[in-house]
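Chains as they are written, first to last, in the numbering used here: chain U, 6 to 369; chain A, 6 to 369; chain B, 6 to 369; chain L, 6 to 369.
Hints listed in this document are in silico derivations from the structure and should not be mistaken for laboratory results.
You may find that some hints are simply not true.
Since the list gives no way to pick one copy over another, a pair counts as held whenever it fits inside one copy or between any two copies.
Stated by the list, open to error - Capping the alpha-carbon separation at 27 Å, the derived lysine-lysine pairs in BS3-like fashion look like this:
hint, residue 1, residue 2
1, K286, K178
2, K286, K268
3, K268, K7
4, K286, K7
Protein chains: 4
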Amino acid sequence: MKPIRLGMVGGGSGAFIGAIHRIAARMDGHFALVAGALSSDPARAAASAADLGIRSYGDFEEMARTEPARADGIQAVAIVTPNHLHAAPAVAFLRAGIHVICDKPLAATPQQARQIAEAAQASGARFFLTHNYCALPMLREARALVAEGALGDIRLVQAEYLQGWLAGESDSKQAEWRTDPARAGAGAIGDIGTHAWQLAEFVTGQVPQSLSADLSSMVPGRAVDDDARIALRYGSGAKGGIWVSQVAVGQENGLSLRVFGTKAALEWRLPEPERLILSPKDGPARILTRAQDRSASFRTPPGHPEGYLEGFANLYSDIAAIIRGDATPLERVPGLEAGLSGMAFIAAAQASSARDGAWVEVSP
Amino acid sequence: MKPIRLGMVGGGSGAFIGAIHRIAARMDGHFALVAGALSSDPARAAASAADLGIRSYGDFEEMARTEPARADGIQAVAIVTPNHLHAAPAVAFLRAGIHVICDKPLAATPQQARQIAEAAQASGARFFLTHNYCALPMLREARALVAEGALGDIRLVQAEYLQGWLAGESDSKQAEWRTDPARAGAGAIGDIGTHAWQLAEFVTGQVPQSLSADLSSMVPGRAVDDDARIALRYGSGAKGGIWVSQVAVGQENGLSLRVFGTKAALEWRLPEPERLILSPKDGPARILTRAQDRSASFRTPPGHPEGYLEGFANLYSDIAAIIRGDATPLERVPGLEAGLSGMAFIAAAQASSARDGAWVEVSP
Amino acid sequence: MKPIRLGMVGGGSGAFIGAIHRIAARMDGHFALVAGALSSDPARAAASAADLGIRSYGDFEEMARTEPARADGIQAVAIVTPNHLHAAPAVAFLRAGIHVICDKPLAATPQQARQIAEAAQASGARFFLTHNYCALPMLREARALVAEGALGDIRLVQAEYLQGWLAGESDSKQAEWRTDPARAGAGAIGDIGTHAWQLAEFVTGQVPQSLSADLSSMVPGRAVDDDARIALRYGSGAKGGIWVSQVAVGQENGLSLRVFGTKAALEWRLPEPERLILSPKDGPARILTRAQDRSASFRTPPGHPEGYLEGFANLYSDIAAIIRGDATPLERVPGLEAGLSGMAFIAAAQASSARDGAWVEVSP
Amino acid sequence: MKPIRLGMVGGGSGAFIGAIHRIAARMDGHFALVAGALSSDPARAAASAADLGIRSYGDFEEMARTEPARADGIQAVAIVTPNHLHAAPAVAFLRAGIHVICDKPLAATPQQARQIAEAAQASGARFFLTHNYCALPMLREARALVAEGALGDIRLVQAEYLQGWLAGESDSKQAEWRTDPARAGAGAIGDIGTHAWQLAEFVTGQVPQSLSADLSSMVPGRAVDDDARIALRYGSGAKGGIWVSQVAVGQENGLSLRVFGTKAALEWRLPEPERLILSPKDGPARILTRAQDRSASFRTPPGHPEGYLEGFANLYSDIAAIIRGDATPLERVPGLEAGLSGMAFIAAAQASSARDGAWVEVSP
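Just chain U, same shape as in the assembly (with noise of 0.2 Å):
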């Protein structure tokens, strides 16, 4: 099978998640990368795309234009600029006809996801949201074992995303639009809480009803949240609640989900990706791996470590499934749904924190 040909819009030199998305699109070897608009600075993004090998473009505009005319043109595009330039080129490419890979949140704003939605609904193209955590082989074997009701029902739900390098003032480039309202459109809720939402909500197969949240800027004059607890409400009767915080000094990127059911507890943590810990509401728990895991998402033996960068490429290679007309993992890829239900729960987290905490509806 040819790669499929992909392309790319920022992630020029510098970038955090655009070398993220290229090493995911590659390490199967499902995907080249064969264009970009790289950066809004047409030298870096000429620069970049350069050193990468691939055709370069001045702005996404263009290379919306132009690549669905070329034979070898782009079948599919990584979106990979902050929150609040989701919209405009995903927009383009869908109305393109070309499969839209794009990062999370969804964007940075209701309307720019309305956008983004009505686009997506009226294209042949697919939009993938890239939730990467999702794809975790013991993430997806929690799914499962939620699914066959090896939990029984589900009473508590406890997701955490705890990380410290926000606690100080800090002028990287990562931390700048991650804290600009303008371009990130919300802060830790956006940037992390919607990971916690979307694990929440993939492992357990349930969207709360309603929330309560408290969220704070802990550092002074930081204009977005940076700590926020919120509580949740289940429509079948359980709780649940997210903490996430990008003030939690000495905290790497703690990200951890606990789901408890009537008949057995499920606890992963991102620090020990490969171990999920079932414990039966009698008898000892039971220490998972992949050797236990259904969904075969990996390319080595269990015991041999793999994190973050192959669940980000469980991804890609169930996008590039998909794109060749495999619908078997569609079920279990983020899409539209999930960057609307994210966008609904920042949405309803800054509404209730606005109103002290009141109960809001999360109305998707």
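Go by the hints and put chains A, B and L onto chain U.
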């Protein structure tokens, strides 16, 4: 030094916490149990006392009347009855000038708490409350680290206490009174929530100003809360959370505390009680053990695991020292104030939950 | 039941293991310490006894002569002196018909060990050796699992006991006699190696047939071994290893045991004494806790950490039961045989190392 | 920079390590696989090459003859065949001036190893050996810490590599050749023992002077060792041990390394590859992560788990840099010397074990 003569109210055969108190009192040789009103069932009281080789009383009133007159009468009494039976004996012994060592929470109702408070304030005898966890060495070290500013300004506090033993219908003696509103006063928030609350206060030195609570009764027919998610706001601007549950299947006794400051963070978990992780803002995390603990609250060299009973015994040893006239441990042994703070926590949590999570002031 | 009257030889103020024995004897209320020859220094002996409120003897001979004649004389004696001073008091008390509870290793020399053995065999009193670790609940469960065949045929056994406290020159009282060949008899292999040896035997039910040892004295000028690497061969065809060190910097008290069979494996580590990992050949590993331990050797519910002192107290409680006539615990409480096995281990290890690691039969 | 054109010998469909090499070569974009002699079965070779979209050769000799003559011929070749088939292609490509990237161990016999050595020394091309674990960031940091004296003088080294996948009869393709003396040359000591040996040498910078080995074949009928316990003596006076097993049930891939010096100790375990515990003689242990690693051998921020494949890719990236003329990584990329050292280890271990564990010099 002669052992202090100790009496006990409650703790007859089959009771849980009474046996614990007896081991804790005995471990370091500072107390000798000599008398007891061990059960409201006179036959069981007498049989239990005979097993222990101590003087038996049919009820605590008689013990409170009789013992002070004996030359070898008790100097202190441990009250290990269900919550609603703390106040009457506490008041009786305090009035009799006998030191009271009372299990937590302080009482089942605010009125009972007030009665204890008045009696304690009027008495020349002391009142102690056995929040045992705060006497574990690494938590004493945690408190010292916070007090000396090692964490900088505190921003985030998270205390959890998760158990699974009440996840189903239960007919154990322990479960019975602990889920009865009349005898327990509250469910999980009283039984284990007050431990989490006290620990957070003990380590940080701060009492939250207000809270927002969502209490649940997950098991059908249960009349008290068995899960609670509580958001905290401190006067300093810090935020916090308490999550307690007794339906968290697979969790045996999952108490933990995390505190994040501007300069460093602390993490402690009961399953590994002798490790305290100190994570500076920059640089590697440090695994503190008793080798680093300056409280020296232990009997064995580092690496020889001490735990629950030794923590409890640390309290009893400090109480003995105080009774013998050493004021030094007073600042770290929980007493009336801790009890009233716990009652204020329960009341605020219930009030907030009744008002759908509205923020409620905590007024001790 | 009345407490058993206990005497003690050694354990004066400043001693380490004597204080441990006293706590262990006291914890469950089965013993009352009433007499002691606590130090070879008469003044220190008397002062220590006064502190404890017990009868004091200037030497153990006098105590062994006097106590049997008293109506309230001791029924058992704990010997907690340095190794070379085990034999004389053990023989004296065994001849006097008083049960002996002796610290490990059995003796400093084979000759002393034989003297104890002869006295024990001739006495109506019992001899116990406090290999305390094997009384921890999860190791009792480990033994039960092996005995019932849960591991299949055992293939591999690995015991480690790593400490760092003798990594440098040390002038502590503890270090002094433990590194003196005359008083200790052996270095790390005696002090901690016999624990590892006994634990492996206790759990597997097998004694190695031969061993090959490499003993080292890493600290310049040290007259005993402070590191030893020992390979084991069992008659069954199983292989094993013991690694002990007292120069392993950073290790506080790193005792661990791993056993691999044809059907499953067990792993246990002292720093988390209440977890036993059972890994079947196929299927997920299981985290066993006291909730799964059938020995019920504990005082608190699972999740309330017990440790070193409670394990020691388990031994004392079993010893009390045996003294009172219950033969049930006999199979799990170490006695003369364990002591002789440990002496055979020391002798074989020293002989093998002296012959550059030649394989040497272990002959108890 | 253009990708380096890579060929491959072995690694046809169904092979394990060939696929790993391809991912590692691809991950950072420094190599493009263009040709292969992927199987000794011509049909399978052709089909596998077609799947990969590369030039196919029926045998490696033809590839070694043909490629050098092409303008777009391969610049380097990865040899991923069973051990006995390393030497012939390695010699052929080295003679053809093509860089060789060879899987470990170097060869199945000392004679084959010599052939490779001679060809490597005579060739202008380079020879690399993929001991992948030493390219993990925290092990590079471990090496740096030892080199700068952070541990003081090294006293103790312990490397373990425990697997359970050969605990029973196995008829997998992988198991078949790895347990065949003719094709593998050795059992566990070759397959995983050389990894442990190389890692210990890589981190400590020292090669043991002599060793004493006890090799076992635990599974009835097995013709190679599946368990080995090896004691090490260093010229410096340090002692060490290697324990490898492929019958350690429940162990997926348990590689670990512990090094104890006079000033500090290091501990690293593959299941948590991104943590390195540094324990000073005094003071708390430190949890080093990639935030502290000065090698910067990674693609993602700390806390985004990288693992086995990324370590392998680190090697490939360094190899690419070396091929392109950067000598810097030469000191950390294993080559001929590491291969010969591993062969010396195998030979000494087999010789010692054949002489019942006699100490044998290691002569590379």
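**OP:** Give me the numbers of the hints this structure contradicts, sorted from smallest to largest.
**Re:** Numbers 3 and 4, in rising order.
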